[in-house]
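Asker: One letter stands for each residue in the lines below.
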Amino acid sequence: MASIALKSFVGLRQSTLENPSFTSQSKPISSFPSSPRTFRVLAAKTSPKVAGRNLRVAVIGGGPAGGAAAETLAKGGVETFLIERKMDNCKPCGGAIPLCMVGEFDLPLDIIDRRVTKMKMISPSNVAVDIGQTLKPHEYIGMVRREVLDNYLRNRASENGASVINGLFLKMDSPSQGDGTSPYVLHYTEYDGKAGGVGVKKTLEVDAVIGADGANSRVAKSIDAGDYEYAIAFQERIKIPDDKMVYYENLAEMYVGDDVSPDFYGWVFPKCDHVAVGTGTVTHKGDIKKFQLATRNRAKDKILGGKILRVEAHPIPEHPRPRRLAGRVALVGDAAGYVTKCSGEGIYFAAKSGRMCAEAIVEGSENGKRMINEGDLRNYLEKWDKTYWPTYKVLDILQKVFYRSNPAREAFVEMCADEYVQKMTFDSYLYKRVVPGNPWEDLKLAVNTIGSLVRANALKQEMEKISA
Amino acid sequence: MSISMSLFSPSTHLPTLSPSSSYPKPHFTLKPCLSLRPKTPLFTTRASAENGAGAAAAATAVEAEPKVPEPVAAKSESSNGSAGPAEEEVKVVSLFEDARWVNGTWDLKQFEKSGKTDWDAVIDAEARRRKWLQDNPESSSNDNPILFDTSIVPWWAWVKRYHLPEAELLNGRAAMVGFFSAYLVDSLTGVGLVDQMGNFVCKTLLFVAVAGVLLIRKNEDVEKLKKLLDETTFYDKQWQATWQDETPGNPK
Ligand SMILES: Cc1cc2nc3c(=O)[nH]c(=O)nc-3n(C[C@H](O)[C@H](O)[C@H](O)COP(=O)(O)OP(=O)(O)OC[C@H]3O[C@@H](n4cnc5c(N)ncnc54)[C@H](O)[C@@H]3O)c2cc1C
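From first to last, the protein sequence lines stand for chains B and S. Residues in the first sequence are numbered consecutively from 1, following UniProt numbering. Residues in the second sequence are numbered consecutively from 1, following UniProt numbering.
Think of the hints as simulated: they come from the structure by calculation, not from any bench. Every residue, glycine too, gets a C-beta built ideally from N, C-alpha and C. Misleading hints may appear alongside valid ones.
As the list claims (entries may be wrong) - Here are a few chain S residues that sit away from chain B, every Cβ distance over 10 Å (derived from the structure):
#	residue
1	GLU97
2	GLU112
3	GLY115
4	ILE123
5	ARG130
6	SER141
7	PRO145
8	PHE148
9	THR150
10	SER151
What the hints assert, rightly or not - Covered stretches of chain B, going by a simulated chain S footprint (3 or more residues, C-beta under 8 Å):
#	region
11	147-155
12	366-372
13	451-458
Throw the hints in and build the complete structure from the sequences for me.
Answerer: Structural data, given as structure tokens:
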């Protein structure tokens, strides 16, 4: 097993090394401060058994990434600790999840507040296209409240044997000896709910750590994972009159345009009894409130008379951190940086990466019997990149092409009116798989897309003439 | 009608930058129970009539669609810059109006010239509308959906108007160039995206990415293509970074 994994890993590396631009990059990265790890154990089969107990793994952060990781670890025979600082945390989030997540994570239907079957995409000139026309009767985008989803996943981890600790992770000490078996010592403040805020400082010894503590990850900091570029997302929960809410019953809106965001989209998502109106940007963070106001303005008629219940903002990572693991510590979810461009989707990928990382640990430790090493965790990274990199890449390209300017956005929305585009988009969103297209339809699509882009650009040139 | 249009347009582009700078930020912040309506005071400080976005939201909060005669609009235009126009006026300017724009589309009958539709004029009108909207984003409405679709203008109208070599590029050649460039980009970045996905959508996207660039302006192609290449590979590098320190023999 180990040798196979090692081989394919080498294969991956070789192919990337062939890329000249890649090697030129290697310098700054390898100049990372050396961690205390002085050598790596390369082959898992030589890794020692853990005597008299099972492998101990701490998962920091109880969001979708942490919850999913802890459940898988606990099920796999690993002694699992899940540390979450706030049990009723209500992560600022649109809460849209793809259909496949419901099945793959066996989510009960009652945690899904709404089933969105209509997705309106609205261009800068207010051309609105419903991109959900090709959905089959059983297909939908699920809308969840994060406090509900996160809590559910944590409970399930707990039912499977994980110890869920309400605590704030502070820092960790790397193993004092580089023998590959010394424990990591975690420092955290434990709250018991009753103590009234002031917690108790505690330490915990574990053999490995999964950092699932989100965008401001302290675990990432403690392994020098480096930074990523991030978008700031702003969202208002607005309670709108009942008659207005009818429209958003099973419908979500996405607004594009320079007014709502120079590089992302503005949204109105239905929640349990209100709507979430928000927008995001990487490039003009200082203007986020202006964009939010513009988003609200574009939806004005439909949310008129609404009352703002809550205002929230949070960073969204743009790309993975320069380093996603070190020694026996790995990052997953937002801590690693797994949010897609273009759609800004991260819940599913957080839960998936948590699970995938946990699976690698369970496998490498032979169900908690052996010590693991960096190689085992690399299996997770390798599998992750292989499986999802193309998805991330496609969305990166999409964002670059279509969110670039208003003419491009007009063309994008025009394109989305095409049923074939809708079908492809939804298939890949809902099921996270790419179905081979129909070559003739693809060709037509290509021609139409060019047509749309050309027309939009022609109009842009005309618009420039007006201002000149 | 085109007169009123040109009345609108000259001043529209001038103040586009101002809303962001003159924006009274503190007002908008984390007030838990702020209703959507009482925004009005926020905008009265503004001098120009064109900060459409917010102004429209605030001023028209009550009535769904203010339809006010044009002369008023013209008046507020003339007072541009100086003493802030009254709110009533602000609300007027913020909606796009043109007699040929009927029920969310251009009324093609009004564009007839000797029995044929004057597509050039349609293109002109739409360009003006988009320009206007860029500076004065409007609320989307379910009751008055936008129906106009640029594809109703026949392709030859675009070609005739931009009677350029680009028109030629447009058919076939650009497609070819774009398509192969996509493959080139793909093999250069060494990621085998096209192969990996075996999916035409990706190919199409790559193709669009490149072709889109080609079509914007011919002489800027090279620069743009370079930039695009840099940008695409940048994301790849961000992903690959974590594999860097795995060179064999690295003491780490
Ligand atoms: C406004 C907004 C809208 C979004 N909309 C969507 C959407 O519609 N669909 C979608 O798929 N994605 C969306 N995302 C992205 C999505 O929210 C994230 O990708 C996802 O939450 C990542 O999950 P995670 O488990 O990795 O991290 P998080 O959800 O951030 O969870 C981290 C957890 O760790 C805890 N924690 C942090 N630090 C510590 C510490 N030191 N000690 C203990 N615990 C700690 C936190 O309390 C939190 O519970 C949105 C993001 C934003 C900001």
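Asker: State for each hint whether it applies.
Answerer: Hint check:
1. Under the 10 Å C-beta cut-off, the non-interface status given to S/GLU97 relative to chain B holds; the minimum distance is some 15 Å.
2. For S/GLU112, the shortest C-beta to C-beta distance to chain B comes to about 21 Å, beyond the 10 Å cut-off, and the non-interface label holds.
3. Distance check on S/GLY115: its Cβ is at least 25 Å (rounded) from any Cβ of chain B, clearing the 10 Å threshold; non-interface status holds.
4. With 10 Å as the threshold on Cβ separation, the claim that S/ILE123 sits away from chain B is violated: the shortest Cβ distance comes to roughly 6 Å.
5. Residue-level check failed: S/ARG130 sits 6 Å from the nearest beta carbon of chain B, not beyond 10 Å.
6. Distance check for S/SER141 against chain B: the nearest CB is about 5 Å away, which does not clear 10 Å, and the non-interface claim fails.
7. Its closest Cβ contact with chain B, about 6 Å, brings S/PRO145 to no more than 10 Å, contrary to its assignment away from the interface.
8. Its beta-carbon lying about 7 Å from the closest one in chain B, S/PHE148 breaks the requirement of being farther than 10 Å from that chain.
9. For S/THR150, the shortest C-beta to C-beta distance to chain B comes to about 4 Å, within the 10 Å cut-off, and the non-interface label is violated.
10. Annotated as non-interface, S/SER151 brings its C-beta within 10 Å of a C-beta of chain B; the closest such distance is 7 Å.
11. With a threshold of 8 Å between beta carbons, the proposed coverage of the region 147-155 of chain B by chain S is violated, since 0 of its residues qualify and at least three are required.
12. Residues of the region 366-372 of chain B with a Cβ under 8 Å from some Cβ of chain S number 0, which does not satisfy the need for three, so the listed coverage is violated.
13. Given as covered by chain S, the region 451-458 of chain B passes the check, having 8 residues with a CB less than 8 Å from a CB of that chain where 3 are the minimum.
Of the hints listed earlier, those the structure fails to meet are numbers 4, 5, 6, 7, 8, 9, 10, 11 and 12, in rising order.
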